[in-house]
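Participant: Make the full structure from the sequences, and use the hints.
Protein sequence lines, in the order shown, are assigned to chains R and D. First residue of the first sequence? That's 82 in the working numbering, and the numbers climb one at a time after it. First residue of the second sequence? That's 82 in the working numbering, and the numbers climb one at a time after it.
All copies of an identical chain are treated as equivalent in the list; a pair is satisfied when it fits inside any one copy or across any two copies.
Here are the simulated EDC-like cross-link-like pairs (lysine to aspartate or glutamate), alpha carbons at most 16 Å apart as the crow flies:
| # | residue 1 | residue 2 |
| --- | --- | --- |
| 1 | Lys-160 | Asp-181 |
| 2 | Lys-160 | Asp-177 |
| 3 | Lys-171 | Asp-108 |
| 4 | Lys-160 | Asp-87 |
| 5 | Lys-160 | Glu-139 |
| 6 | Lys-171 | Asp-87 |
| 7 | Lys-112 | Asp-181 |
| 8 | Lys-112 | Asp-177 |
| 9 | Lys-173 | Asp-108 |
| 10 | Lys-148 | Glu-119 |
| 11 | Lys-133 | Asp-100 |
| 12 | Lys-133 | Glu-119 |
To be clear, the hints were calculated from the coordinates, so they are not data collected in a lab.
Protein chains: 2
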Amino acid sequence: MQRIEDAERLDRMFHALADQSRRGMLDRLAKGPASVSELAEPLELALPSVVKHLAVLEQGGIVISRKEGRVRTYALAPKAFDAIETWVAKRKRGLDRQFDRLEQFLAKGAGSTGESK
Amino acid sequence: MQRIEDAERLDRMFHALADQSRRGMLDRLAKGPASVSELAEPLELALPSVVKHLAVLEQGGIVISRKEGRVRTYALAPKAFDAIETWVAKRKRGLDRQFDRLEQFLAKGAGSTGESK
Numbered sequence: 082m083q084r085i086e087d088a089e090r091l092d093r094m095f096h097a098l099a100d101q102s103r104r105g106m107l108d109r110l111a112k113g114p115a116s117v118s119e120l121a122e123p124l125e126l127a128l129p130s131v132v133k134h135l136a137v138l139e140q141g142g143i144v145i146s147r148k149e150g151r152v153r154t155y156a157l158a159p160k161a162f163d164a165i166e167t168w169v170a171k172r173k174r175g176l177d178r179q180f181d182r183l184e185q186f187l188a189k190g191a192g193s194t195g196e197s198k
Numbered sequence: 082m083q084r085i086e087d088a089e090r091l092d093r094m095f096h097a098l099a100d101q102s103r104r105g106m107l108d109r110l111a112k113g114p115a116s117v118s119e120l121a122e123p124l125e126l127a128l129p130s131v132v133k134h135l136a137v138l139e140q141g142g143i144v145i146s147r148k149e150g151r152v153r154t155y156a157l158a159p160k161a162f163d164a165i166e167t168w169v170a171k172r173k174r175g176l177d178r179q180f181d182r183l184e185q186f187l188a189k190g191a192g193s194t195g196e197s198k
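Facilitator: Written as structure tokens, this is what we have:
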């Protein structure tokens, strides 16, 4: 059960990142919290489009928001990228092990490779 | 120009990762190279579906393939996750700086916070 939820969370997270405009908003938010209009301006996007992108980022767990009066302010979620880092690190270990094995193989048997047809 | 290409590459990469079946294939490939049918079996997917997923992963620069005779073998690309790691690390630095500033702010002025209405 937990695993299915985790998988769906990763789906939403990676989907949220697969868009240049959304990544542009994250670049802005990496400098500090911002309102919807502050996020819209440099990207030259219409507000409804920005709101939509922000919803996708929020569903992906990458940003959080807070409404004060009529202004909603967005910020990077404190652990925004931890799940991705963990996921990537695990796969990289697999990749490293493959290269270690390849190196051992080459170190041991480099001279004795037979060419089979 | 370079930047647009990079952005499109990241789009394709994150899109490729936003799917549980595709991530399942990467988990298998993290153990070593595999053929299409070896990848299909544990996932209980039809071969055409697997072929389609693998094409998305290859377009995303995450896997590479080689055809020998009638068998196409897939492997994780040697630098499969480097672009993602670089991208995430950069944004995390921004996030860390925000927390540093917040800590400094709290350390300096914790007693003097005024409640404004």
